[in-house]
Amino acid sequence: MLSLDLSFYNWELFTNYILKGLLFSVQLTVIATAGGIIFGTFLALMRLSGKPSLVYPATFYVNTMRSIPLVMVILWFFLLIPLLIGRPIGADLSATITFIAFEAAFFSEIVRAGIQSVPKGQAYAAEALGMTYGQNMCFIVLPQAFRNMIPVFMTQTIILFQDTSLVYAIGAYDLLKGFEIAGKNYGRPIETYILAAFTYFIICFSLSKVVRKIHEKVAIIR
Amino acid sequence: MALDLGVFCKSTLDGELVDHCFSAVFGLGQNADPSYLDWLLKAWGWTLAVAGLGLTIALILGAVMGTLRTLPNHGPFSRLLVRFSTAWVELFRNIPILVQVFLWYHVIPAFVVPLKALPSYWLVSIALGFFTSARIAEQVRAGIQALPSGQRMAATALGLTTAQSYRFIILPMALRIVIPPLTSESMNLIKNSSVAFAVSVPELTLFAMQAQEETSHGVEIYLAVTFLYALSAFVVNRVMAMIETKTRIPGFIAASNDAVVH
Numbered sequence: 001m002l003s004l005d006l007s008f009y010n011w012e013l014f015t016n017y018i019l020k021g022l023l024f025s026v027q028l029t030v031i032a033t034a035g036g037i038i039f040g041t042f043l044a045l046m047r048l049s050g051k052p053s054l055v056y057p058a059t060f061y062v063n064t065m066r067s068i069p070l071v072m073v074i075l076w077f078f079l080l081i082p083l084l085i086g087r088p089i090g091a092d093l094s095a096t097i098t099f100i101a102f103e104a105a106f107f108s109e110i111v112r113a114g115i116q117s118v119p120k121g122q123a124y125a126a127e128a129l130g131m132t133y134g135q136n137m138c139f140i141v142l143p144q145a146f147r148n149m150i151p152v153f154m155t156q157t158i159i160l161f162q163d164t165s166l167v168y169a170i171g172a173y174d175l176l177k178g179f180e181i182a183g184k185n186y187g188r189p190i191e192t193y194i195l196a197a198f199t200y201f202i203i204c205f206s207l208s209k210v211v212r213k214i215h216e217k218v219a220i221i222r
Numbered sequence: 001m002a003l004d005l006g007v008f009c010k011s012t013l014d015g016e017l018v019d020h021c022f023s024a025v026f027g028l029g030q031n032a033d034p035s036y037l038d039w040l041l042k043a044w045g046w047t048l049a050v051a052g053l054g055l056t057i058a059l060i061l062g063a064v065m066g067t068l069r070t071l072p073n074h075g076p077f078s079r080l081l082v083r084f085s086t087a088w089v090e091l092f093r094n095i096p097i098l099v100q101v102f103l104w105y106h107v108i109p110a111f112v113v114p115l116k117a118l119p120s121y122w123l124v125s126i127a128l129g130f131f132t133s134a135r136i137a138e139q140v141r142a143g144i145q146a147l148p149s150g151q152r153m154a155a156t157a158l159g160l161t162t163a164q165s166y167r168f169i170i171l172p173m174a175l176r177i178v179i180p181p182l183t184s185e186s187m188n189l190i191k192n193s194s195v196a197f198a199v200s201v202p203e204l205t206l207f208a209m210q211a212q213e214e215t216s217h218g219v220e221i222y223l224a225v226t227f228l229y230a231l232s233a234f235v236v237n238r239v240m241a242m243i244e245t246k247t248r249i250p251g252f253i254a255a256s257n258d259a260v261v262h
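Residue numbers (this note's numbering), protein chains in the order written: chain A, 1 to 222; chain B, 1 to 262.
Next comes chain A alone, as it looks inside the complex (with noise of 0.2 angstroms):
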């Protein structure tokens, strides 16, 4: 049996390797739930327009990327940008703009399951009141979807904060790297592989809490 040496994890490690690691991966979630609720409203908004010149350009990118794996997509990226841009992008921007295009995939499938979940009756009302489909969307039917959805949405931030440590594939420095690279450098990967472990534990584990509070809430609210 091997014995646990915990006493080398430190104030001063925490802060020489661990901390940039961690802000890097918040940052990476917080920036790629954002820009993916946004773009993913939009794309939720294509399909549901009923134009075939919208429904199946977005039909197509949401099944494509739901049909790839995260790794290969952070691959494709790293790979594809450079060459189409003609010069190289660094780790983290790339892992930033394909965290994003990833999200909006599974994020516009949330939105439209909330849009949807708005009785048809509150679209025709609106309509009836003589507003437009812009209005329409923003003041009446989007406030009410996004509400329903707020637990989806956070389980779905918490699936993306697991998920930033892919970006091991392309070798951008986050948690889990923090954490590897601190290893290294004091001789002792097994412990921080179990501390990495702990820590994204403590961090998924309290935030799914803190969701099953809000769902009971909006839940009762209903």
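Be aware that a few hints might be false.
Now the stretches of chain B that chain A is said to cover, found in silico as 3 or more residues with beta-carbon under 8 angstroms [as the list claims (entries may be wrong)]:
no.	stretch
1	96 to 104
2	194 to 206
3	218 to 230
Derived from the structure by calculation, the hints contain no laboratory data.
Virtual Cβ for every residue (Gly too), placed ideally from N, Cα, C.
Once you've looked at the hints, dock chain B against the given chain A.
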């Protein structure tokens, strides 16, 4: 940007064209040196092996854990089982799959020595299986709870024990209901098997990364790999749809289909 698919007929050793490009596929004779096509198909085999083994573990453990979570409160032992399965789900759901793969590859064999004898793809399959089992358990639990409570009561009224009522009444219905969500979890598992690259299992993603660097024909290589992933997931989708049709109980599941699909 023109695609040059000829890259797959080149030797992985010296980059020259090989004699039999499709040797591996159609058995047209053996190359002296393996081509990139040979390597690609071998990598696909590894992906299927890792995913297939992982899926077996995930389905068995997921069904067991999901069932345990719904056990009625009949004393301390059943409460313990409920708590154990809940902890299981929370543990394996809240750690990223890549971190779990590292745990199984680097950490756990240091404590459980017999695991060192296992080939690395087994460890990845175990990691994938445990990770996915938590998700499958949630689907199975939802499927069991979606059944009308009268089913369980009727089983009790007939004098069935808890084990009998699960075996003969609850699980046969619940497992049929959860086939659609299990399909998407199985497809997710195939996609997630790509993390095996991180511990050097020679599967599709590792092939993509290495062949891209060697040949500088990244687009063609990635296209082939992406296609094989999509094809594998599609085949799983069709197989599950077939199982769903084969196991359908006429007149019963059709009614609950609307509730599940939406």
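Status of the hints after comparison with the structure:
Check on the stretch 96 to 104 of chain B: 7 of its residues sit with their Cβ under 8 angstroms from a Cβ of chain A, so the three-residue criterion for coverage holds. Only residues whose beta carbon comes within less than 8 angstroms of a beta carbon in chain A count, and the stretch 194 to 206 of chain B has 5; three or more means the coverage holds. For the stretch 218 to 230 of chain B, the stated coverage by chain A holds: 7 residues have a C-beta nearer than 8 angstroms to a C-beta of that chain, and at least 3 were required.
In this structure, none of the earlier numbered hints is contradicted; all agree with it.
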